[in-house]
Each structure stands twice: as C-alpha cells, then as structure tokens.
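So you can see what is in the structure, the chains are spelled out below.
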Amino acid sequence: MEEYMLILRHQDGAKIASPEQMQIWMKQTMDWIGAISAKGKFVSGTGLLFDGSKVVWPHGVVTDGPFGEIKETIGGQMIVKADSFDEAVEFAKGCPVLQGEGNSVEVRRIAKNDGTHK
Amino acid sequence: MKDYLLVYRADYTTIPDRTPEEAAAMTKRWMDWIGSIAAQNKLTDRGQRLAASGKVVKNESTVTNGPYAEIKESIGGYSIIKANSYEEAIVLAKGCPVFTQGGNVEVREISPM
Amino acid sequence: MQQPELIPHLFRTEYRKIIAVLCKRFGFEQIETAEDIASETFMTAAQTWGLQGIPQNPVAWLYTVAKNKASNFLKRQAVYNHKVVKDPAVNEDTSTMPAYEIDLSPQNINDSQLQMMFAICHPAIATEAQIGLSLRILCGFGIEEIADAFLSNKETINKRLFRAKEKLRSENIAIELPELAQIDERLGTVLATLYLLFSEGYYSVSNNKTLRKELCFEAMRLCYMLVENKHTNKPPVNALLSLMCFHASRFEARLDRNGELILYEEQDTSLWDADLISKGGYFLNCSASGNQLSKYHLEAAIAYWNTQKDDTKEKWEAVLQLYNRLLQIEYSPIAALNRTFALSKANGAPEAIIEAEKLQLTNNHFYFTLLGELYTGINNRKAIQHFQQALALAKTNTDKQVIQKKLDKIAH
Chain A
1 MEEYMLILRH QDGAKIASPE QMQIWMKQTM DWIGAISAKG KFVSGTGLLF DGSKVVWPHG
61 VVTDGPFGEI KETIGGQMIV KADSFDEAVE FAKGCPVLQG EGNSVEVRRI AKNDGTHK
Chain B
1 MKDYLLVYRA DYTTIPDRTP EEAAAMTKRW MDWIGSIAAQ NKLTDRGQRL AASGKVVKNE
61 STVTNGPYAE IKESIGGYSI IKANSYEEAI VLAKGCPVFT QGGNVEVREI SPM
Chain C
1 MQQPELIPHL FRTEYRKIIA VLCKRFGFEQ IETAEDIASE TFMTAAQTWG LQGIPQNPVA
61 WLYTVAKNKA SNFLKRQAVY NHKVVKDPAV NEDTSTMPAY EIDLSPQNIN DSQLQMMFAI
121 CHPAIATEAQ IGLSLRILCG FGIEEIADAF LSNKETINKR LFRAKEKLRS ENIAIELPEL
181 AQIDERLGTV LATLYLLFSE GYYSVSNNKT LRKELCFEAM RLCYMLVENK HTNKPPVNAL
241 LSLMCFHASR FEARLDRNGE LILYEEQDTS LWDADLISKG GYFLNCSASG NQLSKYHLEA
301 AIAYWNTQKD DTKEKWEAVL QLYNRLLQIE YSPIAALNRT FALSKANGAP EAIIEAEKLQ
361 LTNNHFYFTL LGELYTGINN RKAIQHFQQA LALAKTNTDK QVIQKKLDKI AH
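Going down the list, the sequences are from chains A, B and C.
Here the first sequence is numbered in the UniProt record's numbering, starting from 1 and rising by one per residue.
Here the second sequence is numbered in the UniProt record's numbering, starting from 1 and rising by one per residue.
Here the third sequence is numbered in the UniProt record's numbering, starting from 1 and rising by one per residue.
These are computed hints drawn from the structure, not numbers from a lab.
C-beta atoms are modelled at their ideal positions from N, C-alpha and C, and glycine is treated no differently.
A few of these clues could be false.
[Stated by the list, open to error] Computed Cβ-Cβ distance ranges for the label pairs, DEER-style:
id, chain 1, residue 1, chain 2, residue 2, range
1, C, Glu155, A, Thr46, 35 to 45 Å
2, C, His231, A, Val43, 55 to 65 Å
3, B, Thr27, C, Tyr331, 14 to 24 Å
4, B, Asp17, C, Glu314, 21 to 31 Å
5, C, Ile329, B, Val63, 19 to 29 Å
If we strip away everything but chain A, and leave its shape as in the complex, we get:
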C-alpha cells in the first residue's frame, strides 16, 4: 500500500458560487472523503487559503504567491492510501473540485516506500 497526494487545483479561486452551491460542494467533499475513509484509505486532508501565500525562493527572496505564472491556485490537498496509481486516480475522479470548469486534481505518489526513502 502506497500513499498518494491529491492536489486540488482551481482555475480561479475567487470565482463566486452561491452559498447553496458552496453548501452542496462542501457536502460532496465530505461524502467523497467519507467514501474513501470507509475503505480505510483516507490519511489526511487540508484546505488552503486562496490568497495571502508566499513563495520562498533561493537566496532569501520571498514573493507573494503562488500565482506567478500560472492562473491556477491550489485549494487543498489530501493524502490517501492506494494499492496502485490507478486506484488513487479513481479516488481523484470522484473529487467535487472537478465539477468546476478548468479545475484539476493532480495525483502524486508520495516517495517513502520506494526503497530510497525511509
């Protein structure tokens, strides 16, 4: 069993939804996580603010970020357990973030059980 990180990207974090849509979205996220948890495969999740972030560069340079070149912002991340990349991708497919046009979920295997990282 490996751990995978799902990175929830929003095309435009400031896009305004109605409170009712937000409510549905929150509930869908909860249900989505609930289904993953029910399989014992949820590890953790965190929401991120859409602004006020900083990017730290070499030589002590700090800029306001994260949206330098890309318009997308990261709205949240979560870690799941999965037997394969395919299974992690299947989990990602259910993410409510994907209902938004242009949004995406990046799936990355966490490097720790690969023999080089302990």
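Based on the hints, put chains B and C in the right spot on chain A.
Positioned in the frame of chain A, the structure of chains B and C alone reads:
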C-alpha cells in the same frame, strides 16, 4: 391644475354651544370632507383653523379687538385645493360642513408665483 | 458530520457583517475588493470544511480568515503605494503595523452596518438602486435571490448593482452616521427604503414564499437596528417597525402553500401571529412620543385595527379618520380606495358610492372592484358592470380569480 384658496366664514357668535357629541360629529364632518378632497388627490394644503379671538390693526395707532367688528361673519379657517377650473373648485367647495353652520366659503384662485 | 444548510445560513448572517466592516474600512472605492474577500472567505470555508470537517466555532473561523485576507490586501496595497506610487507616507515595514488589523468586534460590526445603512439610503442614490444594494450589502442576499425577488435575471441585477456602486463612488458618499442635526431628515430616506424592502417581500409578485418572508424579516431586522441605537431611535422608526410587525403577523395566513394570496376576509385568524401583534402594539406605544405624526404612525394605527377582525362601527370610524389624515400627508390611489371602503363601513354604502365615483381611478382594477362591491345589493346590474370592467383591467390570475368569485356570488 391650479391652486384655489378656500376661506371658511361663519358667524361664530350665533352658533350655540355644542355638546361634546355634537362637537365630535362636527369634527367628523370636517375630517370626512377634507379626506374626500385628499382622496381625489386635490388637496394642496389642509390649511389651519383660526382661534375665535383676534385683533385688527387699522393703522399705527388704532388696534381693535376683532376679529372683524363690522361684519358678523369671521374667518374660521382656510385650505388650499387643486382644481382645473373655478367650476371644479366650486364643486369641491360645495360639500363643506361650514354650510351646516350657516357659513360660506370664499373661493379664490391663487396667482402663480 | 454534515450540517444540512450551514453555509447558506452563515452566509446570510455573516456575509453582511464582514462586508460592512470591510467597506467601512476600505471605503466605497474598494467595495468590489470587500465583496471578493467576503465571498472568497466562504469559498475557502466550503473547501476546507469539506476536507477537514466543520470547525468548533465556524463564525470565529470565518472572521479569522476574512481578517487575514483583508489585512493581506491592505499590506499589499501599502507596499504597492510605497514601491510603485512612491508614497513617502507609507512605511515599508508592513508586518508590524497595527493599522492592518481588522476589527470584527460586535460593536464595530453593528456600527458599520448602521453607517452602511445611511450610506446606501443616501438621497443621491436612486430608490431602485437603494433596494438592490440593501439586499446585497445589508442583507447578504445572493444575486440569484435578488433576481428572483424582482422577477428579473442575474445579468440585469448585476448591471443594476454595478451602476449603483459607481454612483456611491462618484457621489463620494461616506460610510458614517449623519450629523445629529441631520438625522431626522436622513432617516426619512432610510425608512422609505426599509418600507419598500418590506413591501417588496409582502406584496411581491414572486411566488417564492420563503424568500418573500425573508425579505420582510430582513427589513424588520434593519429597522430594529435603528430602534436599538439611541441616535436613531425616533418615533417614526418605532411606528414603521410597529407597522411591519402588524403586517407580518398575517404572513402565514395571507398566502397559501403556492404563495397565492388569501384575502383578508377569508384568512384563518388562528394563523395570525399573536407574538408579532403584541410586538406591534409595543412599538406603536413607543412611537407615541413627541409631537411628530408621520405617515408610519397612521399606517401602523390602521394596521393595528386590521388585527381586530370584528366588524365594529368603532373600528371603521377609526380607520376612516386615519385614512382621512393619511391622505392629507401623502396621497396614493390605494389609500384613497381604502378610505372609501372604510367610509362605506362607517357612513354607509350610498355615501361611499358618491365618493368613489369622484375618484375616477379608471385604469385601476381595484377601483372597479370597490365600486362593484359598493353596488352589490344596491344595484346588482351596476355591480356586475363594474366587476366586469375590473376583470378586463386585472393583470394577474389571482386578481382575476378574486373578481370572478365576486361576480359568481351575485349571479347566485
């Protein structure tokens, strides 16, 4: 639409004292009448009632107790109404309760400023 | 784990507070930024609470996030002013400056909302724009809800709000309470707007009953804020609140399940809200100080009599006199018609017929309905004629049904 001044006159000295019920009935007649004009959107200013006592200043040295010694009728109040013509203003004036007191209504067109 | 309508509920109660405080802080030049920050705060909440669960104190969570977003914005702006505009007044070290703190204390929230009410209800702003801005900024209504209430679409409402905000900026309207000496005068506009807001809900063409009710209660909440502040707690404010309480007491009784109107005579009085009626009485008493008799006083007194269903002579005489006085302060066709109806109850139908025929409101179906009613039993042929004229003028199905019912009654 022009404004017309209605001046209510009556000989208030000959009006007998009224019981509270009669006074209330009179007030109602006035209210219903002015309300009727207002309901037709023809009231510009409900105007004022004037108190019975008054003074008349004739020149710098002559001041008499009034309101108007020579004639019996005195002005009891006034209102300003809107009408298209004298005829219409007169129709509006015709329901005035002052007639039940033997009084009259003087109708005057107000000249525009 | 999940709470069914948490976010819409919090949006309704907290969005307006956040936006009032931020607008007050930023000024109307940055009203869009304030709106963005408030909206983003809720977006962030929806995402984060979805992933991590609902925090113990959701309101405090929202305030913290909104504060951070707002102070980040202020800092960025200060840096920009320093570096780009070269404003020497701005210190580069922005991290320690308390000036970027956002005050979301109950006191500041309340003050900001009250000041915002006076700013939006400024005489320079068109009435329609005042209503739209009030719904959006003072009541936290979504664009869709506002569109629904006005039977309009989102684009139209957005355009209308955009223009209204431009006006707030171009007129340079300050978010503050007027000088004490001007409060009475400025209150006039505020009360007029609140009354319209209430009427929008009470008489709305929208069939969305929940929404209509919320509009009414929002107007009452804003009016109550004025009552709670010692500078704005004036007799006409209490009179308006009393009027709203009396009207709202019949809310459940006057609309059926489909949002269709149930006429006063046919209402189930057990559905009248006794609590609101007694509140109406309370505020009516509070309004009876000073020597100012506003139209709200008269309308509240009429509304009080409407909570007395018994058809007594005393009731209709009182209502007639109140309408007589109301019409002297402000004419409206509906007041003229109501006055004539009261006249028929107090002085009899023959007199009322003469009076009604003087009104000549010949493009108003209520006018012919009233004449039809007055003639019923006196001259049924004329009554039918008038009802038919009313039917031809009536626009909504509800109105037509009501008139048809009256026609059917005569025929039988």
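Comparing the hints with the structure gives:
1. Take Glu155/C and Thr46/A: their Cβ atoms lie about 37 Å apart, and the range 35 to 45 Å holds.
2. The supplied range of 55 to 65 Å is met by His231/C and Val43/A, whose beta-carbon atoms lie about 56 Å from each other.
3. Judged by the Cβ atoms, the range 14 to 24 Å given for Thr27/B and Tyr331/C holds: they are separated by roughly 22 Å.
4. The supplied range of 21 to 31 Å is met by Asp17/B and Glu314/C, whose beta-carbon atoms lie about 26 Å from each other.
5. Distance hint check for Ile329/C and Val63/B: the Cβ-Cβ separation is about 37 Å, which falls outside the suggested range of 19 to 29 Å.
Of the numbered hints stated above, the single one contradicted by the structure is hint 5.
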